Structure formats: structure tokens, C-alpha cells
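Residue numbers (our numbering), protein chains in the order written: chain W, 1 to 340; chain B, 1 to 340; chain S, 1 to 340; chain E, 1 to 340.
Worth double-checking, as some hints may not be accurate.
No copy is singled out in the list; a pair is fine if it fits within one copy or between any two copies.
Distance condition first, Cα-Cα at most 20 Å in a straight line; then the derived SDA-like pairs of lysine to any residue [stated by the list, open to error]:
(1) K24 - Q47
(2) K26 - I4
(3) K24 - I36
(4) K262 - D247
(5) K248 - R87
(6) K118 - K275
(7) K26 - H299
(8) K26 - I158
(9) K275 - T259
(10) K26 - N255
(11) K166 - I14
(12) K207 - L258
(13) K24 - E326
(14) K110 - P159
(15) K262 - Q252
(16) K24 - T44
(17) K331 - F135
No lab work stands behind these hints, which were simulated from the structure alone. A quick note: this is a predicted structure, and the numbers were derived from the prediction, not measured.
There are 4 protein chains.
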Amino acid sequence: MRRINVGIIGAGRIGQLHANNILKSKLFELRAITDITIEHLQNTDIQKQVPIITTNVDDIFNDSEIEAIFICSSTDTHADFIKRAARARKHIFCEKPISFSLEQTRKALKVVEESGVKFQSGFNRRFDKNFKKVFDTVRSNDIGEPHIIKVTSRDPEIPPAEYVEKSGGMFMDMTIHDFDMVRFLAGSEVVEISVSAANLVDPMFEKYDDVDTAIITMRFENGALGVIDNSRRAAYGYDQRIEVFGDKGVVQAGNEHLTSVKVATHDGVVSDNPKYFFLDRYQDAYVEEINSFAAALLHGEALLCTGDDGYKAELLAYAARISWKESRTIKMSELEPVNI
Amino acid sequence: MRRINVGIIGAGRIGQLHANNILKSKLFELRAITDITIEHLQNTDIQKQVPIITTNVDDIFNDSEIEAIFICSSTDTHADFIKRAARARKHIFCEKPISFSLEQTRKALKVVEESGVKFQSGFNRRFDKNFKKVFDTVRSNDIGEPHIIKVTSRDPEIPPAEYVEKSGGMFMDMTIHDFDMVRFLAGSEVVEISVSAANLVDPMFEKYDDVDTAIITMRFENGALGVIDNSRRAAYGYDQRIEVFGDKGVVQAGNEHLTSVKVATHDGVVSDNPKYFFLDRYQDAYVEEINSFAAALLHGEALLCTGDDGYKAELLAYAARISWKESRTIKMSELEPVNI
Amino acid sequence: MRRINVGIIGAGRIGQLHANNILKSKLFELRAITDITIEHLQNTDIQKQVPIITTNVDDIFNDSEIEAIFICSSTDTHADFIKRAARARKHIFCEKPISFSLEQTRKALKVVEESGVKFQSGFNRRFDKNFKKVFDTVRSNDIGEPHIIKVTSRDPEIPPAEYVEKSGGMFMDMTIHDFDMVRFLAGSEVVEISVSAANLVDPMFEKYDDVDTAIITMRFENGALGVIDNSRRAAYGYDQRIEVFGDKGVVQAGNEHLTSVKVATHDGVVSDNPKYFFLDRYQDAYVEEINSFAAALLHGEALLCTGDDGYKAELLAYAARISWKESRTIKMSELEPVNI
Amino acid sequence: MRRINVGIIGAGRIGQLHANNILKSKLFELRAITDITIEHLQNTDIQKQVPIITTNVDDIFNDSEIEAIFICSSTDTHADFIKRAARARKHIFCEKPISFSLEQTRKALKVVEESGVKFQSGFNRRFDKNFKKVFDTVRSNDIGEPHIIKVTSRDPEIPPAEYVEKSGGMFMDMTIHDFDMVRFLAGSEVVEISVSAANLVDPMFEKYDDVDTAIITMRFENGALGVIDNSRRAAYGYDQRIEVFGDKGVVQAGNEHLTSVKVATHDGVVSDNPKYFFLDRYQDAYVEEINSFAAALLHGEALLCTGDDGYKAELLAYAARISWKESRTIKMSELEPVNI
């Protein structure tokens, strides 16, 4: 079977993650990887197995063998790379968010659209087996019409200050995943959003005009309500739960725990915390994510997470920030044009 | 040991519930019960064991043997009965809400205060063993400072239209319990409230200018955020869960289920739904509630659910309605005077 | 509705338990209670509400008003009281075991049979809602033909030495409940039993030629296998679990826990232990047990736990002791006559 | 870092499993694989990545580059291959059981001992994260002295008749894993074993003088009791649970389930079955198993599952068969010499 020749832009944590998954996959051939520095790849599997390791991004755009590009560089570079990749007629997998500017995102996606290349947004959680089963249960109508969609999403540890500074803020950096999840589950667009946010975990966030704790309420076109609760630090691990409540029942996905072991003594029953790191929690989801991208490229299957999905989640993150800043409910219709 | 002589006003569902618990208790003597009609008590334990069964409420106020009155009649009668009981120098246990009017509630509580009688509000859930353990865990600082307080509260079935019509609306009738619970757990007052509500379960609610589904977000004085999600109908039973997330951990109370039995076949693992009726779910809590009232009367212990608690929950229900109607965040300071 | 006039013989822990449940029941009238000493009943509900409190057991047998007798005295007195009750033509509820001697038990049950009075054995666990649901699931054929029946039964604390001395040994005192449970669930008789037992909890048991830990394997007529594991002391509470594995699936009843609360911190997730005391764990079962006895007496419903059930469980306890002592598998056919 | 050059004998299901794990590991280099036929490897990763694929087993023994051999061929060939590998001074990883004959196993292990090569037995479950945590909890003394060790081990589906015929019987083929697990957890040797077994799942087993259902009770040197329950077919999936009960508490490892999702409707709460296939359930354990072997070879760490462990488990399987056939408790001292 034909393998897809791939180039990766960005060899940081998420770039290396995709690189390693691609190296293990039979669907892809990792031909090249680029970053502004590449010393840190010394003695890694990437260095040993990837033919082209370069600091010149043009080596990727100009390589006629490369069919698809994974954009895993810092967010401020995404829009430009997307346009260049599209013009080089290479399919694109792009990490979230597409950009920090709705206008830039719209323009980049417009170039993609005109070029005809395929574009997948990097919302890995859609491919988690638990969340996928929730999605399937909702679609099967087993719980009836969705009334309330709840997402609990709490990180185990705060990111470093230098990361927070350039993160685009909690809504754009972290909640964006949850915005995608509620849209994914609701099968309907948000029409109204209202944010209650606070700085409770660490004063560092305030310094960067950011928050670390939030409750975000949404109303969907189909009438359903949604709510996300976020914290930048959960002492007990990475807390990732979802619930969809409908007129015939409820479906819930709980956390995955380190082991199934329980110890009961006079002092109570003790069991393991949720998995601590997102790479552990979503390890399989990251693999499924690129398998799905490959299926779109090799077999023409529908993309399960499009550029429009990326844009819509960004738009919600943008609206959330306004709602927080202005302490009011935002109608999404205020933020036209909402369509790309 | 001395028993407290009690009279009950109102022999509907909740009045009979208290009557039966009082009949089984060693702390009380149920001397009298009154209602506008009493035929339905024919052949019940109440009829057999209660000396005075009367349609004349004065038989209770004028009975010098009676020390304490349980007010379980319809909400529109509460304020008047509270004032009469207080003036008759009888201690008061009053079902929620105290009244449909903040002003009436304030006035009634003022009479109570001046009379010096004790007054307990009927928020039974504070006495549930699960929720009490959550409260104790929060107070013990085991989970640190509370950041997010979550209440899921969904009824198993919609009430009849005639009930809804006179209920004061979902926030005053149902969410009022959840408002009390978030205050109880937060140990801090709400400063801001924002409601997203909808009519998804049954069009009947809309007819009475009411909703059946809501997400309610609050900000507390101590900085914590709170969120309640409500539905008037959960197909799988009475869904009553709470979670307090703090900087050192999280504490959760789940539902109580009918049995602990699991059946696993080729088709999956099936276990029992949550208990279906509030009388089953909170059976023990209702007993603890009156035990606590007795402890205040007999031993001078502090009242665990005061008139002020009743007023504050009403105020939140009132604010919630405005927030829903005006689609905006309400600052509680808008609604002065907040103190009685 | 007619109430059954009852006398209770024995006012120890279990006698008082039944007395209090009977006092709360609308199906019975507790007319008399007797014990060799009655001082300990001073100031109890029993003293206040029971017309006849006596040290003369004849006051019960000779009372023509009494229709049914609960035998809750020490085991060595059971057989004699059963015969006297039967001859006095009074229905009998008898605590386990019926006696310490198979021959005495057979003789007593023969007198019962000849007299035509009804006789219920005190295996309260058959009336536990969880175990009853397991039973119903097995009978409904949802898990198919039973292949393996497992009972875990561990007490929270060892009994005092003076109790152990007269207990008849662990198999007769404690495992007898589990023997009844496996018979109940299997719907088939044991044909073979093999015991592996040990003295691990406290050397006191060895002093009384007794054990405190055991694994007991059984083969049933219908081919199924059964296994019980026992300990006289589980540090984490009263451990009472059952599992029936069949060709179409498995049904399990877990423990009931004190609360549904979970606390997760950096150190793991902590939840509550199983209920600690048998009176808590089986509180409702004891009520259902006497309700069932009343249904047999008042409405002619079938007895759900007969004298034969009592005898068969004793026979298994007796066989278990031989298996332990002789370190070999016992065929129940060795112990004829097995039928009364 | 130096990689261990490996040859694999046997390219059936388990041989291919190890081959694929070795191909992905950085600790090993898979130099050669052999089987009596190799056509089935056509177009597999094994064919693409393994330099030597041969039907001549001597190509492995004679290859001076190969340091270690994985013996994954049919059980009847193990003993001979072990001896040849040892004499060729190659370290050995051998699948279970070592042989069908205790004498052959002893002789083979004697050759291993004399040669000084390292030998690991293939009990993968010791390396499962859940069971390893149970082991660690027991060793840490958190539950005190072990009193009862319970293993539930039920396969999801019966093997084909041709497999059963050559399997050595259920105890040698399937229970052998559980025998290793109870020894591993008890940290003590079995002194007595008693089996109750039956043919309930499929008459095919009886045809091969085999059973499909069993309860196996053991007594350990340290006084603890153990019990295993087995079935060849659990309709709901691969059921693998363990429990160690001690004087200070209990530790339990439950099954791993397909997802964490629960769906609650009017009909109850439905969740996923245990993982169905042993390759799914123990996927990570198989990787840890070879990592542990590598650590012994590369860094001189202790072997965590020795030849003696393999022999002891076989001896228990052998004793179990006698106990079943002769319907009696077997003292392990009857089966001398027990030490190799």
C-alpha cells in the first residue's frame, strides 16, 4: 500500500509527538522535519530515521516528494505556513489554534479552499475512544435530543510563564479544545456564550492579563445548553470528563485511571488518580487522529476535523475573552462574519 | 427525656412526611395536625396516633401545650403563619420557600427575630449524609480553598401543570435547594449570578412563563465560582450530584443507586439507576433534619439552617429569574437590601 | 387489617432487633417478650410498648392470644422451644442455627411438621435487596445456567471469647449464612464439600478448636461449583459480596458503602469503606424478613426460608467441620439421612 | 546503547507478538526468526525487517551474533531447544509451560544452570501494571500479612479442539498463569492443593479428558490460603481479577474496560465489558516482560520470572490434575523432588 510522504514543520513537544507516531505508522513515510534549531533531535529516533532534518523550511515546501505537511510550529507562524503549503499544493494537518487572529485564520483557510488541498485541524480529543463513544451514543439517539452538554477540563499543572505569555490566553490555548468538543457533541453551533472567570490558581496568569479558572455557558442553535468548567491546575491529575444529557438519558465519559487497583484498609478505600499527562491520556487519540488524516488522503474519506472546525473553536475562544472582559453574554451574531 | 410537643400545619405530601417521621421519633410528640381538608388522613397512622386533627389552624396556635410548629402548607400561606406562630411564641420549622415575596419573607423573619423563637428553614439536603460529608471535607481543608462548586440537580419527572402554575417558577421551586447547597458548601455569599435557561422538556412550562432546563453560574465573595445545572426531567432517575474542586483536590458526592448489583453479558455491564423519588433519596436526610431542629430546641445547639439561609436562597432564585428574563449577569448588590 | 400477635423468646441483641422491628411494623403486635433476665430492657422502647415482659417462658407458650413465636434465645435452647411452640400450635420464626445437633434439629422439625404450624428460618440475607436481585437475575435466566457461585463473607471484628466458645464454631455460627446463600442462589443441593481452613486472625480461635479463615468449595447436583471465602476479621469493614457466573454472563452484588463520596488529592482517590456492622448492612433485610413471615401467616404465601433450609445449612456446616478436621472432600451422601 | 541480538524460534501467534514488540524496542535487534513454515510471514513487518527468516532452526543456534533466543514454538519442542540454546551459550526466554513433563523440565533447567546462561519464564501477567501494583502493595505491608489470595481467571472464548487436544489440559495451559500469580503474590510456596473441576462449557473438553471450569484451593507455607476460579468461556469478555486479603486490609485489581463511558436511560446504567482479547488486556505487559529480560541481560538486574518459577507453576498444574482425577487434596510433598 502506498504511504503518504510527510514533512513536519516544528520539532517541539507536539511536533516530536507526531513525528514519532508517524515513524511507527504504516500509512506515512516521514521524509523531512524542520525547526529553527535541530540540535535537540541529536540521538533521537527522529534523527536516526528521518532522511531530511533541516533548519530551512523551504526544504519542505520545495520537496516534490512531500504530499502533506504537519504544521506544529509556534502559533504565530501557522497562517503563513498554511498559505505556503496550500500554494505548494500540499495537504495540511495544522495544530490548534490556526492563528491568534480570526482574520488571519479566515485568509489562510481561504487560500486552502482555493488550492483544493485537504486541511485537518488538530483537535485530538475527537479521536479519543471514550469521547468518540459519547459522540456515537448521541448520534445513535440513545439518549434522545441533547439538552445539556457538560465538559470538565482541568490541567494537572500550570504551564511556565514564558508559555503563558505567548499562549493567546487560557480560552485560546486550553479551552479551545473544549469548545471544539461541545460543538462536536452538540452537532449544532453556539449562538450565545457567557463566561465567569477568575484568577485563583496563580497570580502569574493575571500578570499576563489571563485567567486560570472559568465556567463558560453556551446556548446552541438547536436549543441545547452547554457548560465547560476549566482550571489550569488539578492537584489530582488531568481531569477530562464529558457528559451529554438528553431527553431519553445521559451519557458520560469519565477519566482514565493509572491502574484498576483498590486498596481498602481501616482508613478507607484508595484508588488511583486520573492519568497525569495529556500525552498519556490521549496517546491513542493522537494515533487515531493521524490515521483519520491518512484515510482522507488515501481513500477520500471525509475529514473528521476541518479548517472550519478550527475557525469556529477560535471564534468561541475569541468570544469568551470578550465575555470575560466585558462581563456580559455575547451573541455570536455580534462577531460577523462568522463564516469563512 | 422531655419530648417536644409539635403541631403541623399542612397535611399534604411534605406535611405527612414530617408527621410520619415525627411519629417515629423519640424527640417529638405530634400533638396536632391541621389542613383545610382532612378526609385524606382517614385510616392513616397519622389519624390513629395524633390526638388533634383539625381544619381550624387556630387549634394549633392557641394550644398552650404546643412548643413548635411545622409549617408545611402552601407557600402563599407561609408568611402569615410564621408571624402568627412567632407571636404565639412557638418555635418554627418552615418548608421552602418561606414566601414568594422577598419583602414578605423579610417581614416575617423580622417578627421571628423580635419574638425570640427559633426558626429552621427546610433545606433537607444539608442533612444528607453524602452532602454532609462533602461539607465536612471542604471545612477540613482537605481539598484546600474551593475554586469551583458544581451541583447537578435533575428531577425524575415533571410536576403536574396545576403545581407548576403555583410553584413560583423552577428557580424558586426547585433550584432553591441548589442555591442553598452552593451557599452551604462555599461558606461564602454569591455576588454575581448569570442564568442560561430554556424550555426543552415540555411546552407546558413555557405556558406558565417558566423554564425546565438551566445552567446557572455564580461568583462568590471569596472568589470561587459555582455552577448548577437543572432539568425538570431525567429519564434515568433523580440525579443529585455535587462536586467541590479546590486547590488541593476535589470532593464529589455521586447518586445513590437502587442496588449494588451489576449484570455483565455479551451486551455490556448493566447496573441500577439512581433512586427515583426524592422521598427515597432523602429519606434519612428528612429524619436528620428534624433531629437537628430538636437538638436546637432541647439542647440549645446552633440551628444548622436558619431563616437567613431561607431568605438568601430565595434572593438567589429571584435574581436568577431576572437574569433569565433580562439575559444578563446580575450583581446581587443590585437587589438591596440583601440583609434582613 | 388484622395484626399477628407475637411473643419473643430471648431479648439479647437479635431478640431486641426483631422486637424493635416488630414494634414499628403494622403487621404485628408484640404482646410479650421473655428472657432469663430482663433488667437490661429498663427504659427501652420495648419496656414502654410491650404489655408482657417476663422471665417465665411459659407466659408465652400459655398465652392464647399469641399466634407466633420468635425464638431468639441461645442456640442450645432452640430445639426444646420449637417443640413446645409447635405443640402449643404457635407459628415459629427461629434464629439460626436451629440447633447444634442434626438429630435434635430433625426431631424438632418433625414435631413442627406434625403440628402443622409454619416455621421460618432466620436467614436474613435472602431478604437483602441486593442479594434478592442477584437471585432474581439468576432465576430470570439472564446469565444462563449457573457455573460458579462465589460468596465473600468477612466479619469486621472477632466476637468475644465467651461467644466463640459457645458458637458451635465458625462454620455453624458464621458460614451457615453463606451456606444458605449458595443453596438459595444455586437452586440445587450440594453433593460434595471441601474445606481449607486456618487460624490466622487470632490464636483464641484455636483454643476453642475453631478456625477464623476458610475457603470452602462445593459441587452442586446441577453440576455448578461454589466457593465461599471467610474471615473473622476484615479491617476495612463488613465484606459481603456475591457473584454468580453462568454461561451467558455474570451477576455480582458488591458491598454497600457508608457514603457515595470520593475525595481525590495528589495522593489518590479515597472513598468510604463498606458499612461496618451487620445491623447497618442488613437493616432493611431484617424488616423484609419479618414482612415475608407475616405474608405467609396472613395471606398464606409460601415461606421463603423454611425449616428444611435451616437444616440443610446446618448439615453443610457440619460437613464443613468434618472436611476441615479430616482434610478431605466430604460427599454429602456420607451423612445420611439428609432429609428430614 | 548496545542492543541485544535476538533469534526467535516459533512464528505462531505468540512468536509474532514477541517479534513485533522486539522490532519496536530499542533494547533488542531481531536478527532471525524460524519456524517449520514461514509462508504466513509474507508481507508482514517481520518479513520486511528481520534479516534472517528461515525454516532451519540451526541457523539460530549457530549464529554467533545471536545472544538470546525466544522459544515460542510448540510446548513439546521446548525442552530440547532450551538445552541446545544453553549449550550454544545463548540466553533464553521461554514461553509457558517449559514442557509437559516435570522430568524434562528439570533436566532442561539443569542444563541451563550448568551453562550459566540466563533464563526467563514467560509469565507475562507479572508485568501487568495492575497486578504489579497489587504485588507492590502486598510487599509494602500496606495490607499486612496475606490471609487469602484470590484469582478469577476466565477466558472469553474456548480454543479450537485441535488446540485443546495438545494443550496439556486446562491446568497446564491456562491455570498455569494463575498458579504463577498466586505464588508471585503470596511470596510463599504451596504446600497443599485441592481441585473441584467440571465440564460445563463444552462437551469437547471431556472428549480430550479435560475440564473447562474449576475452583482450586491452595494452602501456602506461610499459612495463607489461595483460591483460583477458572472458566474457559466468559460471555462478557476476558475476566482477570485478583485480590489479596490481609490482616490490615485488602488490595484488588479489577478488569480493564474498553472505555470509561456510561449510558443511563430508563432501563438502567450500561457500561463497557472488560477488554475481550488477552493481547489487548496484556499488550503493555508483554512489552514490560521483554524490557525486564533486557534489563537482566544488559545491566545484570535480577530476573523477575525464573526457570524455577516456570517449574513450580508446572508442578502445581500437575498436582491439580491429580487432585481432580483422584478427588482428593494433594500435599505437594507427595510430588518430590520439588526442587530442581
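- Identical-chain pair category, K26 with N255, by Cα at 20 Å: neither (30 Å within a copy, 31 Å between copies)
- Quick one: K262 to Q252, C-alpha cut-off 20 Å, is that within a copy, between copies, both, or neither? between (22 Å within a copy, 5 Å between copies)
- Query: Given identical chains, is K118 near K275, meaning Cα to Cα at most 20 Å, within a copy, between copies, both, or neither?
  - Reply: Neither way: K118 and K275 sit 33 Å apart in one copy and 35 Å across, limit 20 Å.
- If the cutoff is 20 Å on CA atoms, where do K26 and I4 land: within, between, both or neither? Let me know, please. For K26 and I4, the Cα distance is within 20 Å only inside one copy (9 Å; across copies 25 Å).
- Taking 20 Å as the upper bound on the Cα-Cα distance, should K207 and L258 be classified as within, between, both, or neither? neither (35 Å within a copy, 43 Å between copies)
- Message: Cα distance capped at 20 Å. Does K166 pair with I14 within a copy, between copies, both, or neither?
- Response: Within one copy, since 16 Å is at most 20 Å while 49 Å is not.
- Task: Could you place K275 and T259 in one of the four classes (within, between, both, neither) given a Cα distance threshold of 20 Å?
- Result: both (9 Å within a copy, 14 Å between copies)
- Task: Give the relationship of K248 and R87 under a CA distance limit of 20 Å: within one copy only, between copies only, both, or neither.
- Result: neither (48 Å within a copy, 50 Å between copies)
- Task: Have a look at K331 and F135 and pick one of within, between, both or neither, based on CA distance no larger than 20 Å.
- Result: neither (26 Å within a copy, 37 Å between copies)
- Query: Between the shortest in-copy and the shortest cross-copy C-alpha distance, which are at most 20 Å for K262 and D247: within, between, both, or neither?
  - Reply: Only across copies: K262 and D247 sit 16 Å apart there, 35 Å inside one copy, limit 20 Å.
- Query: At most 20 Å between C-alpha atoms: does K24 with I36 qualify within a copy, between copies, both, or neither?
  - Reply: Intra 25 Å, inter 29 Å, cutoff 20 Å: neither.
- Status of H299 relative to K26 across identical chains (alpha carbons, at most 20 Å): Classified as within: same-chain Cα gap 15 Å, cross-chain 33 Å, threshold 20 Å.
Of the numbered hints listed earlier, those contradicted by the structure are 3, 5, 6, 8, 10, 12, 13, 14, 17.
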